[in-house]
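Chains as they are written, first to last, in UniProt numbering: chain A, 1 to 406; chain B, 1 to 64.
Please keep in mind that the hints were generated in silico from the structure rather than gathered at the bench.
As the structure is a prediction and not an experimental result, all values here were calculated from the model.
A virtual CB, placed ideally from N, CA and C, is assigned to each residue, including glycine.
Please note: incorrect hints may appear among the correct ones.
Derived CB-CB ranges, DEER-like [unchecked claim]:
1. A/67 / B/43: 22 to 32 Å
2. A/152 / B/43: 24 to 34 Å
3. A/326 / B/22: 22 to 32 Å
4. A/249 / B/43: 40 to 50 Å
5. A/102 / B/38: 47 to 57 Å
6. A/237 / B/37: 19 to 29 Å
7. A/124 / B/43: 28 to 38 Å
8. B/37 / A/240: 52 to 62 Å
9. B/45 / A/355: 52 to 62 Å
Away from chain B, derived, C-beta distances all over 10 Å, residues of chain A [what the hints assert, rightly or not]:
10. 57
11. 326
12. 358
Counterexamples of contact, computed for chain B against chain A with all Cβ distances above 10 Å [as the list claims (entries may be wrong)]:
13. 5
14. 30
15. 35
16. 44
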Amino acid sequence: MPGGRHPHRGLIATVEQIVIVGGGLAGHRAAEALRKAGFGGAVVLVGDETHRPYDRPPLSKQLLAGSMTADETLYRVSADANVTWTLGQAAVSLDRDRQVVRLADGTEVPYDGLMITTGRRARSWPELPELEGFHVLRSLDDAAGFREAVSSTSRVVIVGAGFIGCEVAATLRGLGVTEVAVVDIAPFPMPVLGAEVGKRAITLHEQNGVRFFLSTSVSGFAGQGGRVSGVDLADGRSLPADVVLLALGSAPNTEWLEGSGLELLDGAVLCDEHCVAVGTSNIVAAGDVAAWPHPQAGRPICIEHWAIARDMAATAATNLLADPGGRASFATVPTFWSDQYSVKMKSAGLLAVADRFEVVEEDTEKPSLVVEAFRGQELIGAIVFNKNKAIIGYQRALAGQLAGAR
Amino acid sequence: MKIILDTNLCEAHGDCVLAAPDIFDLDDDDNVATMLIAEPGEEYRTQLEEAARMCPVAAIRIED
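Bound-form chain B, shown alone (with noise of 0.2 Å):
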C-alpha cells in the first residue's frame, strides 16, 4: 500500500496523527505531516482510510 502525503497541501492539521498515530506525525517546527512508515502494511489499512478521511485539506491519499 503506498501512500502519497501531498506536503504542499498539508497545513499540519494534526488529523492524520490522531487516526493513524504509527504512520503520521507532526514535524519538530509543527508545520507539516511526516510519514514515520513510508509503505505501511495492510494491517494499517482502516487507520489510513480513516486519516484520508479526516484530513480537511485532502493531502493523504491511498494508492493500492
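If we strip away everything but chain A, and leave its shape as in the complex, we get (with noise of 0.2 Å):
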C-alpha cells in the first residue's frame, strides 16, 4: 500500500469511485480495506441480496439450531464506512470500455475501480422434480426457508456429505430430528479431509444418530401429492423424505460477467498473484469467486473458506490502490473449521493436493485427533479435532514453509 502524504499515486489519481459487486463477507471486507487504507472516494457496494453482508458460517449451525438470530449474523459496519448500499439488485453486465456495472432494473453504475465479490451460489440438482420439500443451504432466506420447513418429526435426507451436509445433519439431530439420512458418492463425508479423518467423522455422526449411505449416488426422486416423499438410491435402496436438503457444493455467480472479456476459469475469475484480474488493471476480485495462483497449488485455484474471503478482500482492496508496481502479493495458509456436535475441526495447509495423510495423536474418549498431510515427504497440512493449539503450531510451520518458498 502506498501512503505517507500520497496514498492514491499513479493508477489510482483518477479513482473516484470504487464499485464492489457482492454482498458477502469478502464485500464487506473489501469495503472496510478501501477505507483504512485511506481511500476518500465513493464506495458502491452492490449486493444482489435484501439483506445487509452477514456471516454465513452460522447459518448451518447457530443459525439452523435456534442459538443465534438473522440479526445476530449481520456484520457490524462502522459509520465512518460511509458505504452507499445498493441492495436487492443484482449486477447483470459489465461493460469494461464503458466502466459500467449494469443492474438489474437498468442502472449504470460507473466505476474507476472494481472489485468482483459475488461468491458462489449452491449448486441445485439437474432437472429437479417440481415438488415441495427441496431445499439449499447458502443464503440466510435459504436457512429461514429450510428451519421453518423441518421439525422434530421430518425425516430429512441430505444429499452430499461434504461440510454443509454434515454440519446440518449434526444441527438436526442437536435439535432432536429423529431421521437424519445423509447420502454421498463419495467413501467417506467430507472426502478432502481424506480416509482417516472420514472414517471418523462416520462414527462420530453414527454414534450421533445419523445414517450414512456412501458410495452411492440419487437416481431419482420420488413426490406424493406434488410434495417429495423419497430418495431412490443408485443401488436400488429407497429412502422416504420430506424434506431433502441438497447440499452439493457452489457453483461462481460470474454469468453477469460473460461478454465483459474477463477471463474465467472453471466460472472463477481469473485472478494474477495480486488478485488482479487477468488482463486489467482496475478491476480485482477477492474470495471465493475468485481462481489466483496460489505458491503450493502450482496453478490458480479457487479456494472457498471464509478466511480466505477475509484476508483476499484486504488484499485485493490494497492492491487495487496501489501503484502496479507496489502491489502485494496474495500468499497464505489455507484455514478452515467446522463445528460438529463437540467436535471443533480445523484444518490448515493446502490439503487438496495431499497425497497422505498419517494419524499422529488420537484420543478416542475427548475425542480429539491430529491429522498430518503430506505431499511425497513434505509436510502440506494438519487436521485437528479439539486441539485448537495443535494447529496454531501447524499454521505458523506452513506460513513459515510459505514464506521461504517465496
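Dock chain one against chain two, each of which comes alone in its own frame, and use the hints as you go.
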C-alpha cells in the first residue's frame, strides 16, 4: 500500500468511485479495507440480496439450531465506512470500455476501480422434479426456509456429505430430528480431509444417530401430492423423505461477466497473484469467486474458505489502490473450521494437494485427533479435532514454509 | 489501550494468538482465548488491530 502524503499516486490518481459487486464477507471486508487504506472517494456496494452483509458460517449451525438470530449474523459496519448500499439488485453485466456495471433494473453504476466479490451459490440438482420439500443452504433466506420446513418428526435426507451436509446433519440431530440420512457418492464424508478423518467422521455421526449412505448416488426422487416423498439410490435402496437438503457444493456467480472479456477459470474470475483480474489494471476479485495462483498449488485455484475471503478482500482492496509496482502478493496458509456436535474440526494447509494423511495423535474419549497431510515427504497441512492449540503450531510452521518458498 | 475480549463469543479459533502472540493465548483446555496482558501498550496496536480483524466471531474490540 502506498503510504504517506501520496496515498493515491499513479493509477489511482483518477479513482473517485470504487464499486464492489457482491455483498458477502469479501465485499464487506473490501469496503472496510478501502477505508482503512485511506481511500476517500465513493464506495458503492452492490448486492443481490436485500440483507446487509452477514456471516454465513452460523447458517448451518447456530442459526439453524436457534441459538443465534438472523440479526446477529449481520456484520457490524462502522459509520465512517460511508458505503453507498445498492441492495436487492443483482449486477447483470459489465461494460469495461465504458467502465459501468449494469444492474437488473437497468441502472448503470460507473466505476474507476471495480472489486468482484459475487461469491458462489448452492448447486442444485439437474432437472429437479417440481415438488415441494427441496432445499439448499447458502443464504439467510435459504436457512430461514429450511428451518421452517423441518420439525422433529421430519424425515430429512441430505444429499451431499461435504461440510454443509455434515454440519446440518449434526445440527438437526441436536435439534432432536430423529431421521437424518446423508447420501454421497464418496466413500467418506468430507473427502478433502482424507480417509482417516472420514472414517472418524462416520463414527462420530453414527454415534449421534445419523445414517450414512455412501459410495452410492441418487438415481431419482419420488413424490406424492406435490411433495417429495423419497430419495431413490443407485444401489436400489429407497429412503423415505419429507425434506431433502441438496448440499452439492457451489458454483461461482459470474454469469453477469459474460461478454465482459474477463477470463474465467471453471467459472471463477482468473486473477494474478495480486488479486487483479488477468488482463486488467483496475479490476480485482476476492473470495470464492476468484481463482488465483496459490504458490503451493502450481496453478490458479479457488479456495472456498471463510478466512480466504476475509484476507483476500483486504489484499485486493489495498492492491487496487496501489501503484502496479507496489502491489502485494496474496499468499496465505488456507485454514478452515467446522463444528459438528462437540467436535471442533480445523484444518491448515492446502489439503487439495495432499497424497497421504497420517494420524499422529488420537484420544477417542475426548475425542481429539491430529492428522498430518503430506505431498510426498513434504508436510503440507494438518487436520485436528478439538486441538485448537495444536493447529496454531501447524499454521505457524506452514506459514514459515510459505514465506521461505517465495 | 483497552482490549475487550468477549469470552461468550470466543470459539477458540486462535487467530488472535497468531496475530498477537504476546497478548493472546488459548487456555489449557483449548476452549477460550485468554489475555496475557490486560492493557497492552501502543506498541501492540497493529498486532491487536490484526487480531480483531481476523477473529471469525468478532470477539475482540479495541477501546482507546
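Quick rundown of the hints versus the structure:
{"no.": "1", "hint": "A/67 / B/43: 22 to 32 Å", "in the structure": "violated, 38 Å"}
{"no.": "2", "hint": "A/152 / B/43: 24 to 34 Å", "in the structure": "violated, 54 Å"}
{"no.": "3", "hint": "A/326 / B/22: 22 to 32 Å", "in the structure": "holds, 30 Å"}
{"no.": "4", "hint": "A/249 / B/43: 40 to 50 Å", "in the structure": "holds, 45 Å"}
{"no.": "5", "hint": "A/102 / B/38: 47 to 57 Å", "in the structure": "holds, 53 Å"}
{"no.": "6", "hint": "A/237 / B/37: 19 to 29 Å", "in the structure": "violated, 59 Å"}
{"no.": "7", "hint": "A/124 / B/43: 28 to 38 Å", "in the structure": "violated, 52 Å"}
{"no.": "8", "hint": "B/37 / A/240: 52 to 62 Å", "in the structure": "holds, 58 Å"}
{"no.": "9", "hint": "B/45 / A/355: 52 to 62 Å", "in the structure": "violated, 43 Å"}
{"no.": "10", "hint": "57", "in the structure": "violated, 7 Å"}
{"no.": "11", "hint": "326", "in the structure": "holds, 19 Å"}
{"no.": "12", "hint": "358", "in the structure": "holds, 22 Å"}
{"no.": "13", "hint": "5", "in the structure": "holds, 15 Å"}
{"no.": "14", "hint": "30", "in the structure": "violated, 4 Å"}
{"no.": "15", "hint": "35", "in the structure": "holds, 16 Å"}
{"no.": "16", "hint": "44", "in the structure": "holds, 18 Å"}
Violated hints, in rising order: 1, 2, 6, 7, 9, 10 and 14; the structure is consistent with all others.
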